[in-house]
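Protein sequence lines, in the order shown, are assigned to chains A and B. Residue numbering for the first sequence is 0 to 227, as defined by numbering that gives the first Met the number 0. Residue numbering for the second sequence is 0 to 227, as defined by numbering that gives the first Met the number 0.
Quick caveat, the hints were computed from the structure, so don't treat them as lab data. Worth double-checking, as some hints may not be accurate.
As the list claims (entries may be wrong) - Partial list, derived from the structure: chain A residues whose beta carbon lies under 10 Å from chain B:
{"hint": "1", "residue": "Ala28"}
{"hint": "2", "residue": "Lys30"}
{"hint": "3", "residue": "Gly31"}
{"hint": "4", "residue": "Cys91"}
{"hint": "5", "residue": "Ala92"}
{"hint": "6", "residue": "His99"}
{"hint": "7", "residue": "Trp100"}
{"hint": "8", "residue": "Ala101"}
{"hint": "9", "residue": "Asp102"}
{"hint": "10", "residue": "Val165"}
{"hint": "11", "residue": "Gly174"}
{"hint": "12", "residue": "Thr175"}
{"hint": "13", "residue": "Tyr179"}
{"hint": "14", "residue": "Ala180"}
Since this is a predicted model, take the numbers as computed values, not measurements. Heads up, the beta-carbon is just placed ideally off N, CA and C, and yes, glycines get one too.
There are 2 protein chains.
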Amino acid sequence: MTMMMHDLAGADADLRFSPYCWSVKFALAHKGLSVETIPWRFTEKAVIAFSGQKLVPVIRDGERVVSDSWKIAEYLEETHPEPALFGTGAACAHALFIRHWADAVMVPGIARCIVRDIWEIADPRDKPYFRETREAWLGSSLEQLHADRDQHAGVFRASLGPVRSVLKTQPFLGGTSPTYADHMVAGMLMWARCASRFPMLTDDDSVGTWFGRMMDQYGGLGRSAKVA
Amino acid sequence: MTMMMHDLAGADADLRFSPYCWSVKFALAHKGLSVETIPWRFTEKAVIAFSGQKLVPVIRDGERVVSDSWKIAEYLEETHPEPALFGTGAACAHALFIRHWADAVMVPGIARCIVRDIWEIADPRDKPYFRETREAWLGSSLEQLHADRDQHAGVFRASLGPVRSVLKTQPFLGGTSPTYADHMVAGMLMWARCASRFPMLTDDDSVGTWFGRMMDQYGGLGRSAKVA
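With these hints in hand, go ahead and build the complete structure from the sequences.
What follows is the structure, encoded as structure tokens:
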């Protein structure tokens, strides 16, 4: 049976931009699993109440419901071990650091640059909720963040130093081929790519070269996604 | 045959504070390998010229000479696979990210707080070299950095968010037991512990609790080290 997944969408149901949903879509494609995605908007909390929480991604695999992208990755690894998302040994434990680094550094770094653009493409029903929660989180108006985004982008690009350093000696964060570490970081960049035309990376950035490779994986899953 | 290792020392030859040497000392202890350390000062470049470069740690294992803490860890893993420093699969590839994160974030974060203290304990022959290179690197005088260190410490503590998040769900960065990821991050904190009395962490920080566990590993190797 095909899995079902609630996937964040904009006013345009084909515009899918959640970084965490992208991580899971890459992970599913990595394992060769098909998924039927259901567009979901920020304020449709009632629609996913069956999952016991209020955020996407949520997957339904037969009778089983799993939310939280990391837990979904662990679930997929457990139920479909090959090809591995992590590998054995400490690979999953170490990837957890990359997950929390991406959450702590990439999420606010990208949000500051594109949050106004996300508001633009959000479903009209979501806009008041989105503005209120994001302005409270980021401590600034969407318009002020937008006005300062070149400066925020500079800070964000500098923060990617560890990714850049890793890519000097291996083609993927996972080594010779992508792992869930690549899916998480590429998922963050898919968020910016799909929701905004703002260039998060400069043209000469090796992180961009790697991201291009990631977009071309799995039959061009990332490359072919609809952008704003 | 016991390995030999050149290990950074202060004016007091028993004061060993290099973060990279500490990573390697933890890794050697993890594998149950004994090592004879040779105190080395910053300006004794000629003494390690045999290694083809100018930095410690340098290990000599019979005929084999290896420098660079990461390369030494890889060498130890190759020559003495068990107990593993990384484990198989993508564990080493993922740990490389933690290495580069520690270099990019922890090294300057700690240096800004304790660099003046390191200058204090440095061998008199090293002091002019140390001051010149570190002030150029950090873009400030040692005295100014010292004066602002409470502020720098706040930034450093915030930057440890990903470590703190990981430790909420597992006792070590490597999972249920330490890996070289733990050795690298604990090595950085040993640097501050041995070279300075400045508290890099607040008493209630879970990173400090983990660091305590790391200092108690391997017969209390870290705990028993001489401090300034």
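Hint-by-hint comparison with the structure:
no., hint, verdict
1, Ala28, "violated, 18 Å"
2, Lys30, "violated, 15 Å"
3, Gly31, "violated, 19 Å"
4, Cys91, "holds, 7 Å"
5, Ala92, "holds, 3 Å"
6, His99, "holds, 4 Å"
7, Trp100, "holds, 4 Å"
8, Ala101, "holds, 9 Å"
9, Asp102, "holds, 7 Å"
10, Val165, "holds, 5 Å"
11, Gly174, "holds, 3 Å"
12, Thr175, "holds, 8 Å"
13, Tyr179, "holds, 9 Å"
14, Ala180, "holds, 6 Å"
Hints 1, 2, 3, counting from the list given before, are not met by this structure.
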